[in-house]
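A.B. asks: One-letter residues, chain by chain:
2 protein chains.
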Amino acid sequence: MKAKAKVKPKAVPALVNMGNGLSKEILSGRNPSIAIPLRNLSNVRFDEERSIIQLGDQKQNRHFFNVAMAKKFMQTLMVAAKCKEHIEQGKTTSLRDMYYMVLKTFPQSTEKTVDEQSETDEVAEDLEVALDLLREELHLFADKRGTLVGEIELEDNGDPIDGRRAGSGGWSVPSIVEPSVIKFKRCTAKFILLVEKAAVWQRLHEDKFWQKHKCILVTGQGQSSRGVRRLLYRLVNELKLPLYVATDNDPWGYYIYSVIKQGSINLAYESMRMAIPSARFIGFSSRDPEKFDLPKGVEIKLNQNDVNRAKQLLEYRWFKKKEWQEEIKYMLKTGNKYELQALSTKDISFITDDYLPRKLKQRDWLD
Amino acid sequence: MKAKAKVKPKAVPALVNMGNGLSKEILSGRNPSIAIPLRNLSNVRFDEERSIIQLGDQKQNRHFFNVAMAKKFMQTLMVAAKCKEHIEQGKTTSLRDMYYMVLKTFPQSTEKTVDEQSETDEVAEDLEVALDLLREELHLFADKRGTLVGEIELEDNGDPIDGRRAGSGGWSVPSIVEPSVIKFKRCTAKFILLVEKAAVWQRLHEDKFWQKHKCILVTGQGQSSRGVRRLLYRLVNELKLPLYVATDNDPWGYYIYSVIKQGSINLAYESMRMAIPSARFIGFSSRDPEKFDLPKGVEIKLNQNDVNRAKQLLEYRWFKKKEWQEEIKYMLKTGNKYELQALSTKDISFITDDYLPRKLKQRDWLD
Chain G
3 MKAKAKVKPK
13 AVPALVNMGN
23 GLSKEILSGR
33 NPSIAIPLRN
43 LSNVRFDEER
53 SIIQLGDQKQ
63 NRHFFNVAMA
73 KKFMQTLMVA
83 AKCKEHIEQG
93 KTTSLRDMYY
103 MVLKTFPQST
113 EKTVDEQSET
123 DEVAEDLEVA
133 LDLLREELHL
143 FADKRGTLVG
153 EIELEDNGDP
163 IDGRRAGSGG
173 WSVPSIVEPS
183 VIKFKRCTAK
193 FILLVEKAAV
203 WQRLHEDKFW
213 QKHKCILVTG
223 QGQSSRGVRR
233 LLYRLVNELK
243 LPLYVATDND
253 PWGYYIYSVI
263 KQGSINLAYE
273 SMRMAIPSAR
283 FIGFSSRDPE
293 KFDLPKGVEI
303 KLNQNDVNRA
313 KQLLEYRWFK
323 KKEWQEEIKY
333 MLKTGNKYEL
343 QALSTKDISF
353 ITDDYLPRKL
363 KQRDWLD
Chain S
3 MKAKAKVKPK
13 AVPALVNMGN
23 GLSKEILSGR
33 NPSIAIPLRN
43 LSNVRFDEER
53 SIIQLGDQKQ
63 NRHFFNVAMA
73 KKFMQTLMVA
83 AKCKEHIEQG
93 KTTSLRDMYY
103 MVLKTFPQST
113 EKTVDEQSET
123 DEVAEDLEVA
133 LDLLREELHL
143 FADKRGTLVG
153 EIELEDNGDP
163 IDGRRAGSGG
173 WSVPSIVEPS
183 VIKFKRCTAK
193 FILLVEKAAV
203 WQRLHEDKFW
213 QKHKCILVTG
223 QGQSSRGVRR
233 LLYRLVNELK
243 LPLYVATDND
253 PWGYYIYSVI
263 KQGSINLAYE
273 SMRMAIPSAR
283 FIGFSSRDPE
293 KFDLPKGVEI
303 KLNQNDVNRA
313 KQLLEYRWFK
323 KKEWQEEIKY
333 MLKTGNKYEL
343 QALSTKDISF
353 ITDDYLPRKL
363 KQRDWLD
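Heads up: the sequence lines are chains G and S, in that order.
My numbering applies: residue 3 is where the first sequence begins, and numbers increase by one.
My numbering applies: residue 3 is where the second sequence begins, and numbers increase by one.
Rather than coming from a laboratory, the hints here were simulated on the basis of the structure.
There could be a bad hint or two in this list.
Stated by the list, open to error - Sample of chain S residues at the chain G side, in silico, Cβ under 10 Å: (1) 106; (2) 145; (3) 169; (4) 326; (5) 330; (6) 334.
Each residue gets a CB set at the ideal place from its N, CA and C atoms; glycine is no exception.
Using the sequences plus the hints, can you model the full thing?
C.D. replies: Here it is in structure tokens:
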């Protein structure tokens, strides 16, 4: 796209640099290798000061002259070459397409360069980490998911988007939201509200919650995509807006919040550019059924999966705060979980007119 | 929302009429009942003339004084009452919220009015069919899914949307797209292209396919949602645009197309307002790997599920056309399926610059 082609991509020098390093090694008769940071649990740590999950310093050298590594070495260079080509053409590609672009059979053989997409996916993540680039900067995208409305005007690839006039459907958050594509123009919002579920987002949008409370309303439709996380990061850091997160009251809802706040184990190397330690959990909390006098019958019994997951969360370093330990333990004690939509038993717009305003006013959130 | 409140809803008279009928029966001492059309395979037929799947005439009477029916009778009236309330308030609700709104426990008892959401979902479908209304007219919505860009300007709940300036993310198709919410303003498109996959949509959008070929580009992200189907129906019928459908080359892709064209068995009662018999299947066809000289290795072996499903499709009345029988049989013969993205092995923009233009020009589609 035009807007993208204009930007000076820092990925190209990084890729060229990697290539030059390799050719030097080859020309000097050495075994060419690339240093890839390890991306497993043993190399992940919680940075207490910054309050985010980070990748450690362990690396592995991927050599060409090594039977176990030669194929992966080749794949790494094939994907790197394709990325460079796409960035220079100003085109982006899905991970699935990348798989097909790298897939070839060797002449006079049925042996393939790649057998499964998971191989090229992994290599793409290797490149991200090794070169300290975002996947988006390599012009790779995952499926987009997530919608936004509210008090902000922005530019999406040169097109003006007004969050206050984005229709009932809202603006669909693309998977690449770097400043080269998305520019913030004018913001009259005082905060951002992220809701887990599209149906809750729809309710709040229909009730014009964002207008009454001057905010930006986003849904991630479950676990937020990288596009949504990166957009929230940019909104929070560039526009200095507080972020509130509303999920269902179950261990998966807690975790959705914690990924937004501290980052995830899988994508620990992205935390620096995606985690939002200032994010606050505005609900649904285990204490809310009493606080808001919910009728009986709307609770859902925790199943064994839920209980196990809750116990795991209790052990995570980033859930060790007193209020979170209490929150999760209270859920386990009652044996119940709740959906945000259980609030609808009170009234269709209870969440808009009562629940959220009251929580915001009383600063009734978990940090 | 304002725009909705302005419209005179035909659902309210229908609901009131049902209620009046019941109260007459009660006042005259009869056993009150509602006639609900049967929604199972035995009551579905393929209308050859119109070329759509339709619901037959079989009905069942749901009585109040009948142990097996009393609870469902009560649920039907509870959901009907809530729908009327919401339409009058100008509010819409998700099926999940509807479940919670109807969920109560009886005094001095733990017995609930509803145990599972599936019960209220079914009752909502009953009301749709019995009253000959769209779910959307009852102000109920499912999660939205699907995105649009291209040569059309429309109004979404009073907000102007320009498909040519909808950003890289595109306009997110809402789940309710009735004329009261979505108004078509100006259309410069010559046709509509629906693609199954978001990543393919992204590729075509980035390459500005819609601009070069003057079209509207929509993705349903898998099986199209009711919102997308209804919007396509309106675009085809109100703006007289031809519709082309591009899916992966597998039995599920064929079926996605056939639901757009003839309707589905589950939602047979919606065919009249959603099926688009003029829709054309532009690919991916089993003959394309040869026609477009795809390299070896990009094929995927059919698994047993695929084979079984393909054989089922061969038996459906609406796949009995000669070219479809050949298409499916050829897939079974080769034992392979393909993703549209396999075209990327040729070139990242092969689908935009070569595949689709050639198919359109040569009228190389299945009907």
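A.B. asks: Does each hint hold? Answer for all of them.
C.D. replies: Cross-check of the supplied hints:
1. At a threshold of 10 Å, the smallest CB-CB gap from residue 106 of chain S to chain G is about 7 Å, leaving the interface hint in force.
2. Of the supplied interface hints, the one on residue 145 of chain S holds, with its beta-carbon coming within about 5 Å of a beta-carbon of chain G, less than 10 Å.
3. Against a cut-off of 10 Å between C-beta atoms, the interface hint on residue 169 of chain S holds, since the closest Cβ of chain G lies about 3 Å away.
4. Of the supplied interface hints, the one on residue 326 of chain S is violated, with its beta-carbon coming no nearer than about 27 Å to a beta-carbon of chain G, more than 10 Å.
5. At its closest, the beta carbon of residue 330 of chain S sits 24 Å from a beta carbon of chain G; the interface hint therefore is violated under the 10 Å criterion.
6. Taking 10 Å as the C-beta cut-off, the interface hint given for residue 334 of chain S is violated, the closest approach to chain G being about 22 Å.
In summary, the numbered hints that this structure violates are 4, 5, 6.
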